[in-house]
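The primary structure of each chain is shown beneath.
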Amino acid sequence: MTQSVVVQGDTSLCSAVGQCGNQVGCRFWDLALREHAHVNKTGVYDDALSSFFRNVDSRKSDGGACGFGGRIQHLKARAVLVDMEEGVVNEILQGPLSEVFDSTQLLTDVSGSGNNWAVGHMSYGSVYREQIVDKLRKAAEHCDCLQCFFLIHSMGGGTGSGLGTRVLSLLEEEFPEVCRIVTSVYPSPEDDVITSPYNSVLAMKELSEHADCVIPVENQSLVDIVNKIKHMSDGGKPGLTIRKDSSIISGQGGLRGAEKPFDAMNNIVANLLLNITSSARFEGSLNMDLNEIAMNLVPFPRLHYLVPSLTPLYTLADVSVPTRRLDQMFSDAFSKDHQLLRANPKHSLYLACALMVRGNVQVSDLRRNIERLRPSLPFVSWNQEGWKTGLCSVPPVGHSHSLLALANNTCVKSTFLDLKERFTKLYRKKAHLHHYLHVEGMEQSCFSEAITSLSSLIEEYHHLDATKGKLIPDAPRLSIAR
Amino acid sequence: MSVVTVQLGQCGNQVGHELFDVVCGDAHDGQRRSYCSVSRERFFHQTERGDLVARAVLIDMEPKVIKHSMNKAANSGRWTYGDDAHFSQKQGSGNNWANGFCVHGPRHEAALEELVRRQVERCDRLSGLMAMMSVAGGTGSGVGTYVTQCLRDTFPKSFIVNQLTWPYGTGEVIVQNYNSVLTLAHLYGLSDAILVHENDTVHGICARLLNLKHISFGDVNRVIAHQLGAVLQPALTTDSHGLYSRNPLGELASALVCHPEYKLLSMSTVPQMPSASIAYSTFSWPGPLRHLRQMLVSNSKMEEGIDWQVRLPAASERSRSLTGGGRGGGRGGGGAAAAAIFNRSLANLLILRGKDVYSAETGGFEDPALFTSWLSPRDAFSLWKSPVPFNKYEKSATLVSNSQALLRPLDDMVRKAWNMFASRAYIHQYVKFGISEEDFLDSFTSLEQVISSYSQLS
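Heads up: the sequence lines are chains X and C, in that order. For the first sequence, this note's numbering puts the final residue at 482, and the numbers step up evenly by one. For the second sequence, this note's numbering puts the final residue at 1458, and the numbers step up evenly by one.
Any given hint could be a false lead.
Straight-line Cα separation of at most 27 angstroms, DSS-like style, residue types lysine-lysine; simulated pairs [as the list claims (entries may be wrong)]: (1) 346/X <-> 470/X; (2) 138/X <-> 1090/C; (3) 205/X <-> 1432/C.
Calculated from the structure, these hints are not laboratory results.
With the rest of the complex left out, here is chain C (with noise of 0.2 angstroms):
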């Protein structure tokens, strides 16, 4: 079953065609059949020729990158995007989330509905949509967010996840806190999961685990696009009965989202490093999921540096977690900075691919001290298998976990946003074009919702 990609804006277009390149690559001619036809009838639409066209709507309000991306793709010689598959604009939305959402949405909504209906059209069975996009701008957010509603009310039954690039914390946009508000505030009711990258996280695994000196954006949406195809490629869940999953979206969500409250998803891969050290490195499970486990248990972002003295509590402790059991987390502070505070997980779904995947043992990611006691673990706990290896990775690990991982990222948004309210510095941008200090409002209280709901896990 296929998975229609929405490419919004800069970073959507640059890590959608990232993304793109890598299922590709990894699904080539030397690979099984199976996990090859699957991943190529996922992400492709093949041509009669026998080219694959990418399943995907790129749109942006500027044409600039939107060419590249379609240029890089002819010119690799291996996959393109679809000619008429792609929208733009002359001007941009001008980092504008309201510009985006108010105006250049509404305008434009036939055009880009139309593109996404032809690509779902060309698709045997849909398996659902993935909207690609930033939520520091103006078009990723805006436009992002606007696509997002129309998706929903186009096809209301489909599983629709969108991918979110956050950015780095100490700025690219000056206005980005107040976009990513109003993108997450909005994003929340539309959509069935929402898949977060942080830059800074990106950043810190290229320069750390990749030993790359100069990194470019280049290097940032690849690793990005590597997590993702490991989490999108073909695998056997315990649905699939003994084949590839066709709904990777569906039982991404339903493993992961079990209350409409959470639906923040964020991911780690191991191992991750330079790629000419890959075909002199030997792996075996143990050590790698060992250090998931433990990166999950003390919410570490990469496989270096991890706080080995963060425990799960015994079972007399239970109550405690991330926030030492207070709301709001970060803000009392002190909470995250106590060495026996762990990270708290709603749902894990753990990924294994390449060889030996039977004989790996996961049992310690169902302990129940790391899940809230809603669930079994049973419940909480999913894993997929696929025996292929991905990406040149012999064996390769992803855990995908809705956890308070992102509890303290998303704080810190809101507050940097809601001290900027507080002066109403900027708010005349937006008023302008169509979002009131009202908007602002109801979007500050839906996030505080949120994080209030994260902090108090137990």
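Just chain X, same shape as in the assembly (with noise of 0.2 angstroms):
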């Protein structure tokens, strides 16, 4: 299931799509009620708010819309969720956050996609093509001004790789200038579901082609930091013990009550699209905009994908103990740690990285620390200083600053080698074809030019990385005639 994020000027529209994408979607939603809870003290319905809520008073006959200034009366998500089974969303509405959104945002079905990427693609893209444009348009309408989508989805189902893909794709043609994020949860190799590698290939091709930027997120390394976590708070060390609502697997606070199996994994996402999102929100001495992301990270227009890595990964509760330097999480910032990708950044190339940094922070921590690192980080030849940095004055619940880093770095090259190996595998085999080809609408060249598509793109990484280490000269200049 993906959540779209709708960001409007100020404000995004979620969509959240398929199983996982709506589960993350549903952490999302109560964190960011926490955070804003935390910071608003005045129940007064402001910018920041009105960047991923409406605020409506359903007594007004109108529909009930309430500008800026005014209290808040009922928060509803700029969200549109959608699943082909009926199970998370209707766990969602039955749960606190029900109030957050109303029957118009949502779109389910009940059979699934029984993890069929062409079902989801091609059947239920047709079939419900009109509803979702709709739902869309819809939610787009109350927004000012759009900014950008974020969409939450997985690529190993059915629903949330297929029918999320091409929910991107209408978004592309129904809203071509607004930006398109995109959150993906990619499939671990001891992923239970076995055709994920075809349907991973399959949504990558649609990444590749419809999205401005593409965060990828492993399963496994959410898995080794919840793991880490609760290693942390469950040592017993005397005076390590981990304040609960500041570890980035908490939910505490929120209104979720007892927490659920994925629920530390799917919160670890959600603070990530807390982070991206909060220089847009909240005010700071250099704001970063979602449009800057893709502005500074994209140098070319199919090489996307960012390496997301988050500090700190909890506070420690007794504040007598000094909270950890400063600079220390800048280091941890870089180090595989902290990546919700299981990748080698420092043994690849960067391309560009931003670091978004919330708290109380100045820009001189931020200039020595990036002094400090630089040198251990390989660029690429042209963008020696290739950093784009952040500071907004609010941290996160629990925390007096975060970071997050997101690199465009080659090293995503060996996820996609990875994923395309287990796919030759099958496909070599021309095992579970069948039920793609049956799907309506579904050919043979579909997988040829997906395996193409991602073929090409670990090419054009991999053209990078030869530049590694080698000593490219200035690009000779222009002489003028005197």
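Since each chain sits alone in its own frame, please combine them into the complex, following the hints.
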């Protein structure tokens, strides 16, 4: 299931499609409410809230939209939720977040996509095309200025992957000028869905062609982070208890009560989204808007896969223990423990890197750390100082400061190579192919085109990699006749 | 005569706010009456109730910064921005010069012109317009350039000065060099004078002179505002005949920009020290003036670590300059490193403020060896004075220079942009909004011309 979040000028629209997408989305809305409640003590519906929520007074006859400055009546998420099974969406509607969505924002069916990309993309894609466009339009209309769409989905299944990428191309068709940022959960090698390589590769082609930015996240990395935190908090070392609401896996303080199994992992992704949008929602001395992310991090249209890392993972509960030095936070952002993708950026080539800092951090801290870390990070020759930085004054709940790093790094190549290998293993034997080819609109060429697209993407990264370590001389300058 | 300030983008609005704060605080009621009233008239419109409203237009493509600046001003209790003097949209320019220049600028042209017109009409007499912006982002740079173009069309006879903040060399925005190149190339044909502040330099001042451990953008902006204030507050000039000059921007431009190919101006102020130390320091003119002169000669950006080895050439060596006579500062590399190379000036403006200005000895600044041979030192050197201490400093001296000081930073900027352009990285983002590869090439060509001109000063 993916959630699309539409981001308007200062607002975003979230689309969640599929089971994973909707579960993550649910965590996102819960944590967003928590964050805003923490910051907004006056109960006034302000700019920051408006970026993600509408304010509705259901007593009003005209549909009730309330403008800025008034009291908060009912907050409604700027979201569209799509799933071809009812389970997750129904659960959301029966839970404490039900108030945040209304029925016009939902699209469900009953039978699911059977982990089949073709069913999601072709079948449901055609059947529900009108309705999806309609719901998106309605959500967009509520926005004064739509800035971007967030799409959340997983790659390995059928709905998130297939219908999700269909939604993506609809977004491009209907709203070509609005930025599309996709958070994609990539399957681990041990994924229990056998056809996940097919689904992922088929989805990759769509992502490469229709998304402005993709933030890939691997389940295994999320699992590792969860384990690390649990280990830390169960370790029982005196003085090292973690503040419960501060850990990025925690939903404490949100509306949701007891935690569900995937909540911890989904909270991480939700935190990622909160941090990306923080500078668009709150003030700071150096703002970083969402459209600036695409502008600065995407040097060539198809190379738009960004490796995320989040720090800190938690704050210690004991306030007398000195907070970890600020500089440690910057170092952590470049350590593999904090990445949401298993890859090795330090051994590959950075094309660009963005640092979004939240909290009480000044420009001198930022500069000092960039100076310090630069020598160990290999940057492509034409972007030796390729840093995009943002300073937002409001930290996340439970922390005094935080950092999100998004790196456009050729190390994603290895993730894609992995995917290609798993795909090829299945495809060579034509395993399960007939399930796909049975679907109306699906042909063998879809597969060959998808794998070709992936191969050429890998090739582009490879080409850049080859320049690593080589001393590239300055390009000869124009000479002026005197 | 009044100056209307146009604040563009996050940087322009943040720095602009600090500037108004400085000049308002400086010209308080304890000061001499005429200084105070000239300063107020220059920067503020006074309402019937006596409230000071800044003669400023605030422009940004997203609302947060303007809102913050306006609130801060209102909370100061001493001055405010006009309620009807700002323009913002919901969505920024995405750090994209093309988005600012080709899309936002034209789209909002009428509204922006109206805002400026309104401020101009409130002035009894307009001395000129100052546009404040950064070159690294999308709004300040792109919309700022477009607005400057509109101002030039609308006020063809007025002086238009651009105050530009150049970003840190190690990056704030990845495409900053593209945005900077496009901005500078276009402004060169539009602006009367381009006043440049480099974040790296100002950051150094904060760290080494002001002893700040944790430097914020607020600190950086306040230093810039202090330097600008030192230039723009009332002063007695040679043309003003014993009264405070009514034409600061015009006199600045005519003193320093004698040729349209040479418009880049840098500035230094001495002394700069932690505000807590000011009360305990004694000031005399000879020391600071000596330092300021050597800072100019050796191209040192601050009053610490000045290279005293750099000497002015003897008459026989007159042709050697910052680049060793070769073209392209910094490209040969070796030229800038040799100790005997000095920073050649086209023109200099020295502004003295405070006690005993009339006894300050400034002959050292008229040395012909400092300048190119085109102008006599009498024409190349200008001196302004004000007996009123500025911004709590009992004595302060500011030097505004048209010299080779910005040659190296400019060359670095062009070199990095060119390397990126050679691989065509990010170009698709600009093409999307209407700037072509041809446009880039034109801008590169213009700037190489400027670099060449400054390199070959003799």
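Give me the numbers of the hints this structure contradicts, sorted from smallest to largest.
none
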